[in-house]
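Taken in order, these protein sequences are the chains called A, B and C. Per the working numbering, residue 91 is the first one in the first sequence, and the count goes up by one each step. Per the working numbering, residue 258 is the first one in the second sequence, and the count goes up by one each step. Per the working numbering, residue -6 is the first one in the third sequence, and the count goes up by one each step.
Please note: incorrect hints may appear among the correct ones.
[Unchecked claim] In silico negatives: residues of chain C with every beta carbon more than 12 Å from chain B: (1) T9; (2) K13; (3) L32; (4) P38; (5) F97; (6) L110.
[As the list claims (entries may be wrong)] Listed next, the in silico DMTMM-like pairs over lysine to aspartate or glutamate satisfying Cα-Cα at most 20 Å (straight line): (7) B:K407 - B:D549; (8) B:K415 - A:D197; (9) B:K415 - A:E191; (10) B:K407 - A:D161.
If you are wondering where the hints come from, they were derived from the structure by calculation, not from laboratory data. Positions of the beta carbon are idealized from the N, C-alpha and C atoms, including for glycine.
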Amino acid sequence: MFLYFLTLVLMVMGLYCLIAKKNIVKKIIGIVIMEYSINLFLILIGYKKDGIAPILLKNVSVEELTSRGVDPLPQALVLTSIVIGLGTLALMVAICLRIYEKYKTFDMSKINKLKG
Amino acid sequence: MQGYYPLFTAIPLAAAFFNLLVCKLNQKIADYIAFIVTAVLAVMAVKMVFLAPFVYKVGNWDPPFGILLVSDGLSSLMLVVINVISFLAVIFSFKYMTTYTAKPKYYSLFMLMIAGMNGVVITGDMFNLYVFLEIASIASYALVGFGTGKRELEASFKYLILGGVASTAVLFGIAFLYSMSGTLNMPDLAAQLEVTTSPRALAFVIALFIMGFGLKASAVPFHAWLPDAHPSAPAPISAMLSGVLIKALGMYTIMRIMFNVIGRNTLVSTLIMFLGALSMVVAGLLALGQTDFKRMLAYSSISQMGYVLIGLGLAFNPEVDVLIASLALIGALFHLVNHAVFKSLLFLCSGAIEYRTGTRQLDKLGGLIKKMPLTGLTCSIGSFSIAGVPPFNGFWSKLIIILALLRAGYWIYGSIAVVVGFITLLYFIKLQRKAIFGAVPPALAKVREAPFAMVLPLVILAALCLVMGLAYQVVEDHLLVAAKDILLDKTAFMNLLTGG
Amino acid sequence: MDNLENEIRDTNKGMTSIVKTIVRYVMGIIVIFGAYIVLYGHLTPGGGFAGGVILASAYVILTLAFGRELALGKMSNTAASVLDNLGALAFIVIGILGFTAGAFFLNFLAKGEQFRLFSAGIIPLCNIAIGIKVTASLFAIFIALSIFGRFIYQMTDVEESGGEE
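The shape of chain A in the complex, shown without the other chains (with noise of 0.2 Å):
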């Protein structure tokens, strides 16, 4: 129960982290932050005490492997999960950069064309 709530813990430091820190690199790595920390807690909820490694091998029996296999549903996900904040990372490098290229800072709070 405890890792659970460190799971959390550290989900709320990457929210802090987006919310409270103003240059926009830091943004990202609290949203990367955020991802992970859901990763974790995915990774979690398939864990088994002595479990073993859920792929049928040659010397694991079939049920040897559905009574001590750790469930391996939660791991497709986060590999799925894992390649989708691949994907919005790398956008949100590219628009950080173009966003220094126009405007020459980092600091969100130089970034104010947009109002009302």
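Mind docking chains B and C on chain A? Use the hints.
Quick look at chains B and C alone, frame taken from chain A:
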């Protein structure tokens, strides 16, 4: 037809990548590919309306294990809205997008967005929904920043950050649901949650979903990104974002998950109704003060989404009589469809006006009904529809929602809805007076009517506004009732697995 | 613009000979390992994405050690984007080919014997398609970001020195 259900995502996805390959040989082909693909999708979507509900097993894997696609009244309704509007937006793009560079990339992102939205609508699997949600969102982030000017990039970055938070919240909610029930399949999950032993965990999940999907639908406390992002995009994309994307990613997901998976609940109903009322009032008042054409439309989108939310919230209350709940839900769904039609019409009008005059500041516009008669006329029709003037479609949907609110005894919300209707009329009269009627400023003396490819979608959408207003009974019978039935009947949704 | 890019390339000839030598030895191993992860994705942990990331990291190491010119000689920006699209298209086509046997993404090929390389029907093919796509797109992202970042760096540098004069 049933067997080809997954093609709704496969065709646009394949087209997106194929487009980028072919555009290296010939830039012109991108136009035709986009036109053909969206036309085919629109025809397929209209055909889907006449099919009975069914489920499709991807790869023939049996339900709790494999990915499930669900076709019922609600998803066919959303498919029609998405694909018809995107078809018209593509026609509009032919001429409009010549002002931008890299047209093939634009169409590829457009196709990815359609693929994502169609995927969200047809899927019956929670994680699959998240994946398609992200595909559509990432494509829309890139499209908002497509102009790569100062404003566009800033808007895109804001949208990206808030959208990222929303996606994180949604993923967290889905992870929580999985840890509670051990399944991701929506009908299966609905059955599991009926007998759940941890209502507090469920409440946390609901809070996460309202935050995540509320951000995507831009209900008021979460609305900060929309007035920046929607005006910054190219006009056809603004029409797609405001007309379709916030509905497919926000409203549809709220409806599907709250009604069909989690089940009706009084507390959540109060919350959704409050959010709806807040959106209506705050965004309506903010829209009054805008001087930018597209920005005013963006605020009005938030305000009109408030009507949909309040209708949904009322129907979500299990203590409300079934008849009133169906009335509220039909009103909400009808307003959702209507809003897709007239808001995309208005955004495309703003695009046509910007294309010819080069500005979207209301102070610099005027008298366009003389210079651009068709654009001006269709813009007026759109404004009357959204303001709820009788023969047009917006009138019926607002009337139904207000009637349902009053019959359920929510006098305060009902009167708020009426007052916001007047506010809407007020700011659209302001828009009409400044842009369409009045004297022509000297700078605009040489403005001509927009090209044919831009006027055609405007005329079609304006005609839809009128036809749906006059023949609303037909729309209700063929589109809305089936969607309402599946939403109000959770067991019918759960039985989709076993019954067919 | 062209001059500036040439200038950037000149300043980016790579690292010291120690790094170059080690990379020369390690390169082959990394590529083989990445290919193994992709091809055996249906039998062991890994698969298209993991293997693709390893393959892309081989290119990234190459770029870092020898400079961008050599890496782009191995796989140009255009080639990367073409491969990227081809990989994605191949994946969708495999899915659509499932219709020939009845359903989307149906495993229509013979499953073969367990624990063999040629088994599991379409899954290895999907892994290869994803591997190509991930390799190409990650490399393209890396190159695009590095070119763009350098370009901006150079641009602001020029402007700052210009301001002093």
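task = Just double-check K13 (chain C) for me: nearest Cβ-Cβ distance to chain B has to come out over 12 Å.
result = Holds: least Cβ distance 34 Å, greater than 12 Å.
inquiry  = Please check whether the beta-carbon of P38 (chain C) is more than 12 Å away from every beta-carbon in chain B.
reply    = 20 Å, holds
query = Would you say T9 (chain C) is clear of chain B, with no C-beta pair closer than or equal to 12 Å?
reply = 38 Å, holds
ask   = Should the label of L32 (chain C) as a non-interface residue stand, given a Cβ cut-off of 12 Å to chain B?
value = 22 Å, holds
inquiry  = Can you confirm whether the C-alpha distance between K415 (chain B) and E191 (chain A) stays at or below 20 Å?
reply    = Holds, at roughly 17 Å.
query = For the pair supplied as a hint, K415 (chain B) and D197 (chain A), is the alpha-carbon distance within the 20 Å limit?
reply = With Cα atoms ~13 Å apart, K415 (chain B) and D197 (chain A) stay inside 20 Å; holds.
ask   = Keeping to a limit of 20 Å between CA atoms, is the pair of K407 (chain B) and D549 (chain B) held or broken?
value = Answer holds: K407 (chain B) to D549 (chain B) is near 17 Å, not above 20 Å.
Distal placement of F97 (chain C) relative to chain B, Cβ over 12 Å = 4 Å, violated
request  = Take a quick look at whether K407 (chain B) and D161 (chain A) sit within 20 Å of each other, Cα to Cα.
outcome  = 47 Å, violated
ask   = Does the claim that L110 (chain C) lies off the interface hold, with its Cβ farther than 12 Å from every Cβ of chain B?
value = 22 Å, holds
Figure legend: structure checked against the earlier numbered hints; hints not met, in rising order: 5 and 10.
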